[in-house]
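Construct the complete structure from the given sequences, taking the supplied hints into account.
Here is how the chains run, residue by residue.
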Amino acid sequence: MKEQQETANRPDNTAFTQQRLPAWQPMLSAGIVIPGFVIIGLAFIGIGIALFVTSQNIQVLERDYTGVENNSPCFKCSDPSTKNCVCKLDFSLDKLFEGPVFFYYGLSNYFQNYRKYGVSRDDRQLSGRLDNFQSPDEGCVPYQYDANNKPIVPCGSVANSLFNDTFKLYQIVNGARKLVPFDGKGIAWWTDHNVKYRNPSITPLKNAFNGTVKPTFWSKPAYELDPSDPANNGFVNQDFLVWMRRAALPDFRKLYRRITEGDYKNGLPAGNYSLEIAYNYPVLDFDGRKKVVFSNVSWMGGKNQFLGIAYLVIGSLCVVMSIVMLIVYAKFKFPDEE
Amino acid sequence: MLRWIRQQLGFDPPHQSETRTVYVANRFPQHGHYVPQRFADNRIISSKYTIWNFVPKNLFEQFRRIANFYFLIIFLVQLMIDTPTSPVTSGLPLFFVITVTAIKQGYEDWLRHKADNEVNGAPVFVVRSGSLVQTRSKNIRVGDIVRVAKDETFPADLVLLSSDRSDGTCHITTTSLDGETNLKTHYSVAETSVCQSVSRLEALHPHPHTQAQPLGPENLLLRGARLKNTKEIFGVAVYTGMESKMALNYKCKSQKRSAVEKSMNTFLIIYLGILLFEAVLSTILKYAWQAEDKWDEPFYNHKTEQERNSSPILKFISDFLAFLVLYNFIIPISLYVTVEMQKFLGSFFIGWDLDLYHEESDQKAQVNTSDLNEELGQVEYVFTDKTGTLTENEMQFRECSINGTKYQEINGKLVPEGLTDDSPDGSTPHLELLFLKAVSLCHTVQISYDQPDCLAGGGDPFSHANGFSTNDMEYYASSPDEKALVEATKRYGSVRASKTMSLYLQDPCKGLRTLVVACRHFSPEEYIDVDRCLNAARTALQQREERLQEAFSYIERDLQLLGATGVEDKLQDKVQETIEALRLAGIKVWVLTGDKHETAVSVSLSCGHFHRTMNILELLQQRSDNECAEQLRRLGLLRTSIEHSFSYETEDHVIQHGLVVDGASLSLALREHEKLFMEVCKNCSAVLCCRMAPLQKAKVVRLLKTSPEKPITLAIGDGANDVSMIQEAHVGIGIMGKEGRQAVRNSDYAIARFKFLAKLLLVHGHFYYIRIATLVQYFFYKNVCFITPQFLYQFFCLFSQQTLYDSVYLTLYNICFTSLPILVYSLFEQLVHPHVLQNKPVLYRDISRNSLLSFRTFLYWTLLGFCHAFVFFFGSYVLMGEDTTLMGNGQMFGNWTFGTLVFTVMVITVTLKLALETHFWTWMNHFVTWGSIAFYFIFSLFYGGIIWPFLHTQDMYFVFVQLLSSGSAWFAIIIIVVTCLFPDVVKKVFYRHLQPTSTQKSQVTGTGGQGGFKEKWTGRICDQIGRGAEMGRNRSPQKALKENF
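Chains as they are written, first to last, in the numbering used here: chain R, 1 to 338; chain V, 10001 to 11045.
These are computed hints drawn from the structure, not numbers from a lab. Note that the structure is predicted; figures quoted are calculated from it, not measured. Just so you know, not all the hints are guaranteed correct.
In the DSSO-like style, the derived pairs of lysine-lysine whose C-alpha atoms are separated by at most 27 angstroms in a straight line are [to be verified]:
no., chain 1, residue 1, chain 2, residue 2
1, V, K10228, V, K10150
2, V, K10114, V, K10245
3, V, K10303, R, K220
4, R, K214, V, K10303
5, V, K10294, R, K83
6, R, K76, V, K10294
7, R, K265, R, K168
8, V, K10245, V, K10228
9, V, K10406, V, K10596
10, V, K10303, R, K150
11, R, K331, V, K10987
12, R, K220, R, K76
13, V, K11001, R, K331
14, R, K83, V, K10303
15, V, K10596, V, K10675
16, V, K10262, V, K10104
17, R, K291, R, K178
18, V, K10150, V, K10245
19, R, K76, R, K168
20, V, K10596, V, K10682
21, V, K10294, R, K214
22, V, K10262, V, K10710
23, R, K76, R, K178
24, R, K331, V, K10988
25, V, K10048, V, K10245
26, V, K10294, R, K291
See below:
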């Protein structure tokens, strides 16, 4: 008892209190780093080659159709005063464009990432809440109510500026035009289509929009976006969903259709094609550009040489550095204990 | 009422009056115009807050911190104007920080309240309406008569009215007030020594018309002192509660700030500059861009009417503020919290350290200020007291000289030199008897008996003591020398009472503390005369000190020399090793002592402070300015000439200089020739200041502290006379010694023995410094990484203040995703094994002069942060390229996916960067490092996996899953992380091999052949110390000194 008293203040002798916890003490010395670098370098070079080759095999066809140049087929449509203008873009393939082919439209100099633009939407409305049909969110200004003070549905700048050029692709077979069937399903994120965006559960859908007006820029109301497929209307329309997912950068592409059906299941055969464009979307007043892109994809997405090159560069750097280190190591050794 | 509220809130100090009239037992005069004075009650309040004022006062104090205020402003800006992020993003962390701090401070205050309540609720006995009533301490009012029993502390400042001793005296000890351990005799007021009558007392300011006896300090019993040797006393309370002397002495200890904190604030200001620059640049670019209409308002992005109509200046300001809000995270809010937590938690390791635990006295190291942990790693000058710090402060009588004969103590008997113990030593000659008489009478020693029953009657305690068995006596003396002497004389037999004698200090020799004893015979008439003279001086109301001095010098004339005594103070264990280690660590050790020059030098030599190879410079007994300056110049020249003559020798043979300076010369040197003196001092590796007054110690510390290089100073001492220097130095260390707790209480750290200083500085200080320095640098780095991509993104979104990351990520980055690894690092990191640090003090030089927080290192971390941020952002940007799809199903990513990609890369890189810095991987490091990354992934999956009903937007829904479903994204994450860390690894390897620091060298040896390495080092140190000790023992100090010249 007395002894305990005498050492009452004695600190505990544990590994924790004495800072003696077992620990791994790695050191970045050449002995570890050189082999590490060699392994990482070789692995990266391998990955880089694989990525590069994969990327090289991807075919891309890109055509600008803004119509700035006089000789451009869409030049006549670029004048904002022309309405319902249609132009044709002809191109030919000299070999099979392997399928499935993805068809994108692209916009340049278009700032979907502008903050005020981005917040001008009402996610509650888009999830089908009828309260927000009658009184859209404050954030939708200036597209909250129209001039007659009627609520706009879908409200906000993003919805209002929905891309409205449409495309039809024909293959010229023996001088005759053969329509290439487009698949418009699955171009938007599955979760957007099935969870995040919902139509109000009112049939017909049209009734839910009573007392509201369509966005000022739109030619058709939301419930009539796709006359061919009643399930592809309202807020779950695939084109609408694709547009609503804002692009990160001012030059962007958006998926328009996939070519997966019929004769074109395996891709676009070599031959002449004509793309019929209903030219509606104005971009010239802000120096924008419009383009269409055909591309096939690999597991890693579209044609992207950056990754392969980056892996090759870093991989070779690793190997080079390990060689340099080896030389230094051999020359200077380690200045041991004094 | 208003005043009461203000007092409660602590705005008004309690009222104070010039003089106070105290009515004993509160019997106020019945007649005349009497205005009762209001006095504070006897509550002691050391707490800062009450329940009512805690919230407002604590908030007020917290927002006085510049960082908190900054975040409050940001928060308010977010509330007021339309900003890119919701107020929650800065409000939540701010709330978190404020709450954590408030809880900590509230807890500390609760402890203070508890302590206060204990003191205020202590039972006391008060005379009320003629009888003794038990009440609580806080109920004592001014004028109450209080009874205090033996060994109790006084509950208020009391004037002693009566004691149970017949002469009305009592003994008290003031250990807890000033650290003096001796018993002091206090006297009761003459009129009241027995009875309690209604009398008027005037304390300190006697009224000219009353005939009251003036009261002096010997009548006053201070609160906090303890009654000894007296059964009970009665006293009247004159100063109570916060007006008592003890409470008035509660000085707010001036806050010491560490060098790290100062650099941290500098860095903060630089970052504030970066923030402002980025915000201004963004605002200007925004307007440059928007000069053209087509950019300003394309058809898809129309403005509202309100936006169009607001004034341009307002728009400009609000844009600037919006950018400020967007980039505000570059100032790391959690830095302060983390630093505080690190310091608080980290300081436990000092108390827990078994190596700092002193078995004999059962004392462990004690941390009073955790704010200064890292300063322990930065010390450049150590100022140490000698007695009690380097030595044990255990006086042992060694020898004495009586009438020219030397006597030594052998087996409890006093034996003349040359004679053996058993040689007959019959009658003691007259002189020797007189000598012993003098020694045993003239002292301040009081005896405390174990049995309280033996206290009957007062009188001379010593003559009484002879009747008891010697073992139950405890001696209390104001000077340890006196105590040792009395204890020694006790062993040689008893002596009888005689007349007044005086005893004073004289020249020493041989490193023993020496007292010369002399006496003077007074005739009875002379004695009466002298006595009156002394009494008059003692009770003088003005110039008491000077008059006493005069009286003493009048008495101490024509003395007859009796002899001299020698008392030895043992050196503490391992003092030499410690001083040697400190010297190797590049720390200059200054010994400051009140001792005479020769004693001081001999102790210095024996404790290894000076050694034989050292060239000793002297600055002693300078009388005038000119002489002093001349001497200083000569010393400077001497030093350089010696160095010059040795400069051709091998490099490792560096001449070390030691300087001896005495108090008088020092004050001369400091007055006029500070620069010259500093010049000499800086080149001396050891400095010894002797004959120092306590205040001079503080002055020397301040001089060094404020010299142009602003070195970090550490003062270590054990006595009340070291307090000023302990408080003055950057780090003050108290030795838990024999001279009370005063030094310990005023210190920042307290240790039981001097030898512990080595581990405290070399190991703990080194660790703390490395930990906190990396913590600070890393915090800035990770916030640069965090915010720069956000800044870069503005170039791609028309400076529209679009955030790159989601608000939740913005908020949680510093709180959750990256906070724990750095906290754990900063608690457990060990760059080198502690044994290596302790055995190789040179490593301490690696971190000297705040090297890890130098501007260069700061620049490296900041640039690294920017580089990494560029790689994150542009890596992701190039990956997106012309916005090709990254998914196998051809679908596209959006802006949030892009931001999340950057964020993911960032969290991983920033965490791994810290992993690269970590040398000591305990299971906790593994857990938090990998756990943080895992937590980020799990959290993101969870956060993105649910539609959150209360959130305004569902931007992040399934974004993270989509990102991870892309093979390219995985490959991109890997390559970007590797790219960021690759140059860092290369740099580290090259530095380690081409320019290794000694720390890095010892890492190899420390982990490689650890055993052998250790032996080698300890072996070498022991060797040196052995030599030093040998020298100290075998040579007389004078000889050693001569050899040095």
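Status of the hints after comparison with the structure:
1. K10228(V) <-> K10150(V): 6 angstroms, holds
2. K10114(V) <-> K10245(V): Roughly 22 angstroms separates the two Cα atoms, so the pair holds.
3. K10303(V) <-> K220(R): Judged against 27 angstroms, a Cα distance of about 24 angstroms means the pair holds.
4. K214(R) <-> K10303(V): Given that 27 angstroms is the threshold and the Cα spacing comes to 19 angstroms, the pair holds.
5. K10294(V) <-> K83(R): 22 angstroms, holds
6. K76(R) <-> K10294(V): This hinted pair holds, its Cα atoms lying about 22 angstroms apart.
7. K265(R) <-> K168(R): 17 angstroms, holds
8. K10245(V) <-> K10228(V): Judged against 27 angstroms, a Cα distance of about 20 angstroms means the pair holds.
9. K10406(V) <-> K10596(V): Within the cut-off at roughly 22 angstroms; holds.
10. K10303(V) <-> K150(R): With Cα atoms ~19 angstroms apart, K10303(V) and K150(R) stay inside 27 angstroms; holds.
11. K331(R) <-> K10987(V): 18 angstroms, holds
12. K220(R) <-> K76(R): Answer holds: K220(R) to K76(R) is near 24 angstroms, not above 27 angstroms.
13. K11001(V) <-> K331(R): At roughly 18 angstroms apart (the allowed maximum being 27 angstroms), K331(R) and K11001(V) satisfy the hint.
14. K83(R) <-> K10303(V): The given pair, whose Cα atoms are some 26 angstroms apart, holds under the 27 angstroms limit.
15. K10596(V) <-> K10675(V): Given pair K10596(V), K10675(V) holds - Cα atoms ~26 angstroms apart, limit 27 angstroms.
16. K10262(V) <-> K10104(V): Answer holds: K10262(V) to K10104(V) is near 23 angstroms, not above 27 angstroms.
17. K291(R) <-> K178(R): 22 angstroms, holds
18. K10150(V) <-> K10245(V): 21 angstroms, holds
19. K76(R) <-> K168(R): Roughly 19 angstroms between the alpha carbons, so the hint for K76(R) and K168(R) holds.
20. K10596(V) <-> K10682(V): With Cα atoms ~23 angstroms apart, K10596(V) and K10682(V) stay inside 27 angstroms; holds.
21. K10294(V) <-> K214(R): 25 angstroms, holds
22. K10262(V) <-> K10710(V): 13 angstroms, holds
23. K76(R) <-> K178(R): Cα-Cα ~25 angstroms, so holds.
24. K331(R) <-> K10988(V): OK: K331(R) and K10988(V) at ~18 angstroms, within 27 angstroms.
25. K10048(V) <-> K10245(V): 19 angstroms, holds
26. K10294(V) <-> K291(R): Given that 27 angstroms is the threshold and the Cα spacing comes to 20 angstroms, the pair holds.
Hint compliance for this structure: no hint is broken.
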